[in-house]
Amino acid sequence: MRYFHSLVQKQRFWGAIFGIQRDGEYLTDPIATKNSATSFFQQLLTTKPVFLEEMDRDNLEDGLTDEEQQFLCVMPTLEEVWEAVFNIETDNVAGPNGFREIFYHTCWDVISEDVFGAVTEFFRGVEMPKGFTPTTISLLSKITNPTSWSEYRPISLCNVMKKICMKLMTIRLWRILPKMLSLSQSGFVPRWLLSDNVLLAQELIYSLESRRLEANVVFKLDMAKAYDRVSWEFLYQVLLRKGFPQRWIALVSNAISNSWFSVLVNGKHVGFFHSTRGLRQGDPLSPVLFVLATDYLSRGLDRLFAAHPSMYYQAPGRIRVSHLTYADDMMIFTNMCR
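In terms of numbering that gives the first Met the number 0, the sequence shown has 156 at position 157, counting the first letter as 1, and numbering is strictly consecutive.
Derived by calculation from the structure, the hints in this document are not laboratory data. Treat the hints with care, since some could be wrong.
Claimed, not checked - Calculated lysine to aspartate or glutamate pairs in the DMTMM-like style (CA-CA distance at most 20 Å, straight line): (1) K141 / D301; (2) K129 / D113; (3) K241 / E66; (4) K241 / D65; (5) K219 / D113; (6) K241 / D301; (7) K219 / E208; (8) K241 / D113; (9) K141 / D221; (10) K178 / D22; (11) K219 / D90; (12) K224 / E66; (13) K219 / E126; (14) K224 / D301; (15) K219 / E232.
Please model the entire structure based on the sequences and the hints provided.
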């Protein structure tokens, strides 16, 4: 027992935040550090983003059929709720209320009716109760010795009841997602292999060494805090233009806009604020919504290259690829000869 206790203590020590760089000043006082964390993430999640008022309709193709719209919005069955519950991994960290997924799996026979009733109320358009919506932001360092909050990856620890609603929406969305996205996107799309894009990217990059294929250029886009900066209004407009029904968009809005956050710093919750933008990493629905939003950029690049064929990357076999995408990572392949 003493051995395992020492492991926990060591893990806490390595994950502890003893100081942080903020606004040109290095903070070491625990209270100042906690206040700085609240200020940084509140600003990140509540700053009003720039909204693109005029959207190019040609970048939003492949609308939904009437049957697909009805499928997304129909009231769930008990079997669907069961599938959503048991498709959530059981080794996740507990949300603010302390109940983990394993509790719902183990006690399903006892709590199934209550869970089903709560999910049904959500699909009827009832606003999520505040007991479902609090979220803890856990910080994972991106580098060995982080010195600023931007060097931490915020992971949202949601309550399981909210995850169940989001998982059910995600499972339904998976059935129609492939027809909604550009072929350049390989992340979070059922039956699309990430390895295809990886292998293709490798072959294209290897061809850079060829002297016969001059003026080829590869750009790697680094979208900093991409999930946290997604504009909700932009996302709703994309969903609407892609043919999603208003009722479904209202469910999405109920799911992502009714959230309150606190930041976990050295084992203590600090702050409690409401967000006005962003998608949460840790929410089952967030990756799917993110790739739908970024598909607007993918379609725009496809149309740009189609209108100017000389921009295509000169590759063996006459392969025409403008870009490859995996979630928030994008590589653009082009030619600068003209």
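* To do: Sort out which numbered hints this structure fails and list those numbers smallest first.
  => The structure conflicts with hints 1, 5, 8, 10, 11, 12, 13, 14, 15, although it agrees with all the remaining ones.
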